[in-house]
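Novice: Required output: the full structure, derived from the provided sequences and hints.
Chain residues, written in single-letter form:
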Amino acid sequence: MTVSAPAPPTTPVAEPGGSGHRRDGRAALGFLAPSTSGFLLFTLIPLVGSLVISFFAWPVLGRRRFVGLDNFVELLTDPIFHRVMLNTLVFVLVYVPLNVVVSLGLALWISPRIRGRGLYRLLFFIPTVTPMIANALVWRLLYQPGGPIDQGFQAVFGMPSPNFLGDNRWAMAAVILMSVWQGFGYNMLVFSAGLDAIPQSLHEAASIDGAGPLRRFWSVTLPMLSPSMFFAMIMTLITSFQVFVQPYALTAGGPGVATETMVLHLYREGFVQFDLGTASTIGWFLFMIIMLVTALQFLGQKRWVHYDD
Amino acid sequence: MTTETLSRPATTQTATVRTRRATPRGVVSQVLLTAVLLLFLMPFVWMIATALKPPAEVFGAGNGLVGSEIRWSNFAEAWGYLPFGRFMINGLFVAVAGTVVVCVTSVLSAYAFARLRFRFRDRIFLLYLGTLMVPQEVTVVPMFILMQQFGWVDSYAALILPWAFTAFGTFLLRQFFLTIPRELEEAATIDGASRVRILLQVVVPIAKPAVAVLAAFTFINYWNSFLWPLIVVNSRDMSTVPLGLNLFLSQNGNQWHLLMAAAAISMLPTVVMVVLLQRHLVRGIALSGLGGR
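Top line first, the protein sequences correspond to chains A and B. Going by my numbering, the first sequence runs without a break in its numbering and finishes at 305. Going by my numbering, the second sequence runs without a break in its numbering and finishes at 441.
Hints were generated in silico from the structure; no laboratory data involved. Treat each hint with caution, since some may be false.
To be verified - Just the calculated beta-carbon pair ranges, DEER-fashion: (1) L240(B) / P55(A): 33 to 39 Å; (2) G114(A) / D302(B): 39 to 45 Å; (3) N400(B) / P55(A): 29 to 35 Å; (4) R384(B) / G142(A): 28 to 34 Å; (5) N400(B) / R22(A): 48 to 54 Å; (6) I196(B) / L85(A): 33 to 39 Å; (7) D385(B) / H78(A): 52 to 58 Å; (8) L210(A) / S216(B): 50 to 56 Å; (9) A248(A) / N382(B): 39 to 45 Å; (10) P156(A) / P231(B): 34 to 40 Å; (11) P156(A) / N382(B): 48 to 54 Å; (12) P55(A) / R330(B): 54 to 60 Å; (13) P231(B) / V63(A): 38 to 44 Å; (14) R111(A) / V420(B): 23 to 29 Å.
For clarity, every value in this text was computed on a predicted model and none was experimentally measured. All C-beta atoms, glycine included, are put in the ideal place defined by N, C-alpha and C.
Specialist: Below is the structure:
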């Protein structure tokens, strides 16, 4: 991420022999060729290409036709796409805070006082690396009527649980819950590393000054952790706008379009309806939203992120 | 609860002193945490329990965690129902090949950006950086058309190459290379070693932890990748494990005992990898900024 990118080194160390520059140029070509040619072909060209494609009616098979901004206009006036954007927004707005709270809470809880903290961290981290589709299938089983959650419900309340995946009011919540379960492990580790790096002397100094635990949390831990928080928020926001596998495997976007997200919609338009122009346009909407949100976060960071220097 | 634990020491020295004197509060905290962990692990437990049950006992009241018999044969049946062996081999091949390409190209380009001086270096690097934020979904459509043009649809090349040249590996390794003291390389230069030898024999050994982290997460990403294979693969023979699970679901989504066995099999390689990598986990994530999923 650009977040942690330091400025390029400004004072290159002089190397023996003043003629190093030209030799470096030739060597650089060799070192960079494999990476840069692939980067050009598979990153830069597709990136430009996706914008070009969004100005076309571009079926997978058959003739393509330039349509100007039609794809953009059609999507912006399509009530289904409005719902898709809303769904994605709801997912992001609920998922990101939940993820941060759970991961920060557990990172704090798994303090040095806990025995075997490495093992706890490892186990909480596991679902982030197991295939998302497998995780989602397991949760699909858990959510089934007659499944374990329903059974537990019946045992405790004496009535069946809601049909989580089939009910309009519950489906998105079910998708979000599963996503938090599977995703918070990354940020938990980011926060753990951040917490371990806070010098103990700061806490002690605050204690001597009479600060209680809550006060120390607000005035020492949170500010010291804010760079980690900023980084985690940026990454989590970006990836949560891209949510795809969870609704695909849990609800297939349903019931109706209640859990259809932008990327799921992109997939359907492009590779089920075979309308690549519309799919590419959705991709660009996504990209623009992500850039906007990231830019806003960078603008807002001065208010709450504290860097040491 | 959480705010109280803050007051605990973070340095390991004092921590060991404190843990030896187990306070009642500490014990409660540990017990509660373990309870949370067990609840958290329930989906996995239920997956394995279901994978070992007779099919009739998957749903409904009165069926506990363990069925009337432990059916290991479910795993064999799931394995045999679809060519899961083939999916595993495809997945492993794609993941290993992709990881090798990513590591080799990233080491080379990271070294160039970190150590060589050439024209437009910083501009090219900025261009790399700028694309880190581009979501994969933006480029899947043109990438698919590119694959059509190349005649690569439904091939290993399409599964491996398109995502092997992202800027991430270059960025991660460059950051690490910059922390290596130049003196080490200068000594080798005086001894007459070529740049490639310096890279392979001086820089890469020092950067091993960073390369290992990059390799492990690249492997996991390839292994788990779903959207792209779903788009570019349309035959059973080319399917990777996540696609196989999807196929399984669409063919007989109600055979939950087999589906869970298949899911458990698909998780194994990544779990093994993370357990082996455990020591580098926290450091690697802090270092590489892989957070946020």
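Novice: All hints, please: hold or fail.
Specialist: Do the hints match the structure? See the list:
1. L240(B) / P55(A): 33 to 39 Å: For P55(A) against L240(B), whose Cβ atoms are near 36 Å apart, the range 33 to 39 Å holds.
2. G114(A) / D302(B): 39 to 45 Å: Since G114(A) and D302(B) have Cβ atoms about 43 Å apart, the given range 39 to 45 Å holds.
3. N400(B) / P55(A): 29 to 35 Å: holds, 33 Å
4. R384(B) / G142(A): 28 to 34 Å: Hint holds: Cβ distance 31 Å, inside 28 to 34 Å.
5. N400(B) / R22(A): 48 to 54 Å: About 60 Å separates the Cβ atoms of N400(B) and R22(A), which means 48 to 54 Å is violated.
6. I196(B) / L85(A): 33 to 39 Å: holds, 36 Å
7. D385(B) / H78(A): 52 to 58 Å: violated, 41 Å
8. L210(A) / S216(B): 50 to 56 Å: Cβ of L210(A) to Cβ of S216(B): about 53 Å, so the range 50 to 56 Å holds.
9. A248(A) / N382(B): 39 to 45 Å: Hint violated: Cβ distance 19 Å, outside 39 to 45 Å.
10. P156(A) / P231(B): 34 to 40 Å: holds, 39 Å
11. P156(A) / N382(B): 48 to 54 Å: violated, 40 Å
12. P55(A) / R330(B): 54 to 60 Å: At 56 Å between Cβs, range holds.
13. P231(B) / V63(A): 38 to 44 Å: holds, 43 Å
14. R111(A) / V420(B): 23 to 29 Å: holds, 25 Å
Hints 5, 7, 9, 11 from the earlier list are contradicted by this structure; the remaining hints agree with it.
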